[in-house]
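Produce the entire structure from the sequences given, and follow the hints as far as they go.
Here the protein sequences line up with chains A and B, keeping their order.
Numbering-wise, the numbering used here puts 497 at position 497 of the first sequence, and it's gapless, one number per residue.
Take any residue in the second sequence, note its place counting from 1, add 1000, and you have its number in the numbering used here.
These are computed hints drawn from the structure, not numbers from a lab.
Note that this is a predicted model, so its numbers are computed, not measured.
C-beta: ideal position from N, C-alpha, C; glycine also.
Heads up, some of the hints might be wrong.
What the hints assert, rightly or not - A few chain B residues facing chain A, derived, Cβ under 10 Å: (1) Lys1015; (2) Lys1016; (3) Tyr1046; (4) Gly1050; (5) Ala1053; (6) Asn1055; (7) Leu1069; (8) Ala1072; (9) Val1089; (10) Gly1093; (11) Ala1095; (12) Arg1108; (13) Ala1142; (14) Val1143.
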Amino acid sequence: MPAVQETVDRVRQIDVDQYKYGFVTDVESEKAPIGLSEDTVRYISAKKNEPAWMLEWRLEAFKRWLTMREPTWARVDYPKIDYQNAYYYSAPKKKPELSSLDEVDPQILETYKKLGIPLREQEMLAGVVRKDADGNVLAERRVAVDAVFDSVSVATTFKEELKRAGVIFMPMSEAIQQHPELVRKYLGSVVPTTDNFFATLNSAVFSDGSFVYVPPGVRCPMELSTYFRINEANTGQFERTLIIADKGAYVSYLEGCTAPMRDENQLHAAVVELVTHDDAEIKYSTVQNWYPGDADGKGGIFNFVTKRGDCRGKNSKISWTQVETGSAITWKYPSCILRGDGSRGEFYSIAISNGMQQVDSGTKMIHLGKNTTSRIISKGISAGKSNNTYRGLVTAHRKATGARNFTNCDSLLIGDQCGAHTVPYIEAKNSSAVFEHEASTSKISEDMLFYCRSRGMSAEEATALVVNGFVKDVLQQLPMEFAVEAQNLISISLEGSVG
Amino acid sequence: MLLEIKNLHVEVADKKILNGLNLTIEKGQVAAIMGPNGSGKSTFSYVLAGKDAYNITEGDILLDGESILELAPDERAAKGIFLAFQYPVEVPGVATMTFLRTALNAQRKLRGEGEYSTPDFIKLVRETSAKLGVSQEHLRRAVNVGFSGGEKKRNEILQMAILQPRLAILDETDSGLDIDALKIVSEGVNRLRSPERSMIVITHYQRLLNYIVPDVVHVMSKGRVVKSGGKELALELEAKGYAQYTDEAA
Ligand SMILES: Nc1ncnc2c1ncn2[C@@H]1O[C@H](COP(=O)(O)OP(=O)(O)OP(=O)(O)O)[C@@H](O)[C@H]1O
Ligand SMILES: [Mg+2]
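Set out below in structure tokens:
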């Protein structure tokens, strides 16, 4: 398969400690005054021309937030965040109305080009011919992209075609204007404004993000994807994503994220809410590659994210797939509330930590309905001096008869200065629930590496191959286009961990 | 002369395993190595391939007259050394096809040769695997994972046939093969015999040497070569056992 070769080529091109996406784009921006107060919340809401109900919602969240404390239970250690010494809104200066991509600041388009994200529709249409290992041309698939630069969405592609299918895919700020009834109905219905410290903060100051609504019976004709980019220094990113699949609908959505290299830490506190009605399915994939900080642990993104899906309808399904390679600190537990009878939740995760990175991630599967099933496959890879914790909760409530869960949690250690930890919480409140849990921790095997090297592979090539094999079950869950990208990322983030 | 082992002393975990091993392999030669369990045959093959953890306290290994002791395993592979493992290693999640391709291109790159194109590579693998009776299904499966003993050995020979080494070391490739497989694999090995390619065939059984007829037979005991002879030496060993040589070595 050429992908492995590509992976290896990419590794070669990069020096140790070189975060490829670490450049800064020079664009003029408009920022809220530094610090966080009721005025900041009002400023953001006004900038976005929001209706009164939205402002009220934010202000309530803000009041609540003032009474909350930062959580300390995760296995992560970081200096105290000074919430008053950051900016909460930054937007590239632009013309008031954009009618086409041509009006987007060329510098920003250039940024996305550098990131390898094709925004222009013609490029998207042209597609790239990919072949599988047997040389067959793979069907070209198109992807609609929403690009969020600092706090605002700069471009969304394929709007027209999606509209014809009845799919709404637009920046959250536009959805608030154009579909207030949908937003009001669903926003905060999965992650309430009172949920947790970071989610509440997000509710007060969220800037933009993506909104997706797929009407009953519609299978979204293409992959949807959002690329988040933090550019501005000292600015937090608080995006808010809301995806609703109505009865019998299906959508696959992917988010990608990158940020410049900076010496100071930056806060990213996003909230993602998913809702599936009867027989609907949402597949949500993340390739997270925020700047992880340098080899000594200086700089990097603090990634505190609340992601939750609500299988509200019968026989509905939500599947989370994540490839986590970036961030100095990752705190995230994409979860499923299995409310509808017969609903299903899945969580597939690859979490890689290197250098001084700290990852505390996992999932929650909350079985409320009858005959609900869930599946968790987590692959943690720790290298350097990093720490990687899987934290997972599986519960079955009294009425969730016939609930089933299968959990498999594997950790791979590269070197002997890193740590892997598994913290499973399991609660079954009825006797018919069947929960299976498998876990393993292994060191990358010298015999395996020698076997590969005796066939001509360098230490790096051998490690990349072995690790790609270790995570294969999860990689297979990603849409084809992104599996290759993820494979590349995996090798890049393990750069410098061998030899 | 392709390979020259001079007075090789090797320790592992403070235990002396090779004790002044001397051996030369000519270009194009097929040499059989026989010897009792624990005499150091596999250790010797690992040391040739460059495995870590072996401490070479004395002696040298020369390939084309140059020492390879400082070379990493992948550099040795690129120079044409190939080891068919006595116990092939499983690589979970990595399709055999992917493994072969990564290995071949890695070697070629180290040698400054161009990569195989996808169609050329696929053609090469299809043809080679068909001759060795390795199915397409096996090529899609993860390397050695869930393979039977014989299938693993066959997979080693497939790798050898794809990588086309100059010096192949076959460590007990015959053990675990059924009668038909032994024939197929031997034929595969014989096809690769050429004046440009040398082979070291480690085995316990004279039977293999009926198929792969060696130019020379060496007997190893307690970490050194204690006797060398023609192919009839293998027959003699089969009849009389190792006693006389192991006594001499003591
Ligand atoms: N890593 C190790 N630690 C300790 N002893 C070892 C190690 N590797 C090999 N040995 C010992 O070295 C000796 C030689 O082993 P080796 O595997 O080379 O023998 P062999 O000739 O290949 O045997 P067989 O015919 O059974 O395959 C044995 O006594 C073995 O136990
Ligand atoms: Mg042996």
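Here's how the hints hold up against the structure:
With its C-beta approaching chain A no nearer than about 18 Å, B:Lys1015 sits outside the 10 Å limit, and its interface hint is violated. Given hint, B:Lys1016 at the interface with chain A, is violated; its Cβ is 22 Å from that chain's nearest Cβ, farther than 10 Å. Annotation: B:Tyr1046 was flagged as interfacial toward chain A, and the flag holds, the nearest CB pair being 8 Å apart, inside 10 Å. A least Cβ separation of about 7 Å between B:Gly1050 and chain A falls short of the 10 Å threshold, and the interface hint therefore holds.
The interface hint given for B:Ala1053 is met, as the beta carbon of that residue sits about 8 Å from the closest beta carbon of chain A, less than 10 Å. Checking B:Asn1055 against chain A by beta carbon gives a least distance of about 15 Å; that is not within 10 Å, so the hint is violated. For B:Leu1069, the shortest C-beta to C-beta distance to chain A is roughly 16 Å, which exceeds 10 Å, and the interface hint is violated. Interface restraint check for B:Ala1072: the shortest CB-CB distance to chain A comes to about 7 Å, inside 10 Å, so the restraint holds.
Because the beta carbon of B:Val1089 sits about 4 Å from the nearest beta carbon in chain A, less than 10 Å, this interface hint is met. Hint status for B:Gly1093 relative to chain A: holds, with the closest Cβ pair at about 3 Å, below 10 Å. A distance limit of 10 Å between C-beta atoms decides the matter here; for B:Ala1095 the minimum to chain A is near 7 Å, and the interface restraint holds. For the restraint placing B:Arg1108 at the interface with chain A, the shortest Cβ-Cβ distance is roughly 8 Å, inside the 10 Å limit, so the hint holds.
With 10 Å as the threshold, the beta carbon of B:Ala1142 comes within range of chain A, its nearest partner Cβ sitting at about 7 Å, so the hint holds. Checking B:Val1143 against chain A by beta carbon gives a least distance of about 8 Å; that is within 10 Å, so the hint holds.
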